[in-house]
Amino acid sequence: MKIRDSGMPEREMWEGFFSPEKILETLGLGSNVINAAEFGCGYGTFTIPAARLITGKLFAFDIEPEMVAVTKEETARQEIKNVEVVLRDFMADGTGLKPESVDYAMLFNILHLEDPVALLLEANRILKQNGKIGIIHWNYDSSTPRGPLMDIRPRPEQCIEWAKQAGFSDPRQFDLKPYHYGIVMSKKEESATVLH
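So the sequence shown is residues 1 to 196, counted in my numbering.
Simulated from the structure, these hints should not be mistaken for lab results. Computed from a predicted structure; not experimentally measured. There is no bait here: all hints are sound.
No more than 20 Å apart at the CA atoms, straight line, and that leaves these computed lysine-lysine pairs for PhoX-like:
#1 Lys98 x Lys57
#2 Lys128 x Lys188
#3 Lys98 x Lys128
#4 Lys164 x Lys188
#5 Lys128 x Lys57
#6 Lys57 x Lys81
#7 Lys72 x Lys57
#8 Lys98 x Lys188
#9 Lys22 x Lys177
#10 Lys164 x Lys128
I would like the entire structure built from these sequences, with the hints used as guidance.
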């Protein structure tokens with residue numbers, strides 16, 4: 001199922017909106033992360049810098065064959081060996097990853113979809129205890145040069161509330177100038193069952 005209002009602009013324009021390395025560093029993705037998952041890899045704008053930062057494997061998912069092909073070509077061209085690019089409808093079929101198999105989940109410019117909590121629940125399922133989600137989205141501001149329609153564009157507090165519903169806690173919010181905000185949250189420890 002394609003995400004509503006999800007068309008990608010031209011690659012050069014898209015990549016001009018971000019400083020991926022700086023954003024990933026701000027959102028806590030680094031050598032402390034072993035394996036990570038990216039929900040919607042697009043052109044690989046964040047895939048390749050993230051793969052260089054982590055110590056394990058990055059699973060990059062997208063529903064668009066063209067985006068998967070572009071990201072695969074770019075990882076091959078740059079000789080990035082720790083990325084597995086997967087053509088998959090993760091909204092309909094999940095990621096296919098094992099429970100508690102990754103340390104970090106990247107949900108970048110995607111939470112304007114129809115059921116954000118369902119996507120966050122899948123991120124929670126694949127994350128290890130104390131794993132983190134990184135959220136990026138367009139500012140709630142109609143003057144941004146791109147971004148989803150305002151009536152479906154989430155505010156930061158909405159993203160935080162959805163993530164809390166999916167079992168995440170400890171939100172930290174960042175201003176990712178010029179057009180985005182970022183949020184990092186942690187997978188809650190499950191409370192231990194006390195036997196009487």
